[in-house]
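Asker: Got chain A sorted already, so can you dock chain B onto it with the hints?
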Amino acid sequence: KTQVEQSPQSLVVRQGENCVLQCNYSVTPDNHLRWFKQDTGKGLVSLTVLVHENDKTSNGRYSATLDKDAKHSTLHITATLLDDTATYICVVGEGGSALGRLHFGAGTQLIVIP
Amino acid sequence: NSKVIQTPRYLVKGQGQKAKMRCIPEKGHPVVFWYQQNKNNEFKFLINFQNQEVLQQIDMTEKRFSAECPSNSPCSLEIQSSEAGDSALYLCASSPVWGVSAETLYFGSGTRLTVL
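If you're matching them up, the sequences are chains A and B in order.
When you line the first sequence up against the numbering used here, it's residues 1 to 114, in that order.
When you line the second sequence up against the numbering used here, it's residues 1 to 116, in that order.
It should be emphasised that the hints constitute simulated quantities derived from the structure, not laboratory data.
Heads up, none of these hints are tricks.
The calculated BS3-like cross-link candidates involving lysine-lysine, where the alpha carbons are at most 27 Å apart (straight line), are: (1) B/Lys44 / B/Lys3; (2) B/Lys27 / B/Lys3; (3) A/Lys56 / A/Lys68; (4) B/Lys44 / B/Lys18; (5) A/Lys42 / B/Lys13; (6) B/Lys20 / B/Lys63; (7) B/Lys3 / B/Lys20; (8) B/Lys39 / B/Lys13; (9) B/Lys63 / B/Lys44; (10) B/Lys18 / B/Lys63; (11) A/Lys42 / B/Lys44; (12) B/Lys39 / A/Lys42; (13) B/Lys39 / B/Lys3; (14) B/Lys44 / B/Lys13; (15) B/Lys13 / B/Lys63; (16) A/Lys42 / B/Lys27; (17) B/Lys20 / B/Lys44; (18) B/Lys39 / B/Lys20; (19) A/Lys71 / A/Lys56; (20) B/Lys3 / A/Lys42; (21) A/Lys42 / B/Lys20; (22) B/Lys39 / B/Lys18; (23) B/Lys39 / B/Lys63; (24) B/Lys27 / B/Lys44; (25) B/Lys18 / A/Lys42; (26) A/Lys68 / B/Lys44; (27) A/Lys71 / B/Lys44.
What follows is a set of in silico ranges between Cβ atoms, one per label pair, in the way DEER data are often shown: (28) A/Val45 / B/Pro74: 16 to 24 Å; (29) A/Val20 / B/Gly28: 35 to 43 Å; (30) A/Glu17 / B/Lys39: 25 to 33 Å; (31) A/Gln15 / B/Gly16: 42 to 50 Å; (32) B/Glu62 / A/Leu81: 42 to 50 Å.
Source: prediction; values computed, not measured.
Just so it is clear, CB atoms sit at the ideal spot from N, CA and C, and this is done for glycine as well.
Isolated chain A (complex conformation) (with noise of 0.2 Å):
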């Protein structure tokens, strides 16, 4: 049974529109929570990393906070481009203070549409 659960799977919105993605986890213990874009058929980019409960992250038009005792992870996007067309998945870190095993989402499918 997968330990990272991403919603929606899939999410149209216009240019220039918000949008919220949502990632659930089970994994215990939990390190760490990464965010990264990947354009179709291409590697991974990162775009934020959240560690301690209640964090909350900025990375331009991302943000991202984690509440790790609801072990959950939300990602915002806002004021989309329609370069911002790719999935985007959520992966959480096992373990204690080491990297470890990665445990990953099968990602939302976001579309950006003029």
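Answerer: The following block gives chain B in isolation, referenced to the frame of chain A:
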């Protein structure tokens, strides 16, 4: 932009053939990971290294793959006898530390293997 270089970009092999892919990690990154991403977007951890030493690997990797990260040479992952189920995107990632650091986990663009 990805700082991890993977070659070849695409690889096509027949069943039973060897399939070898390479990864040049970001300069100064001693930690290297290999992951397999299948067509259902499921990622499978294969193996990781710190410098030239294998730290962790799954059974499949141990039995069917040959992997190394020699000093001053690209890391490599080779399937000894390809099977149809090996068709996937193979991703290499590197990190400067064995621990969590915000922006320092880089993935390559991957090698897409198709086994006919």
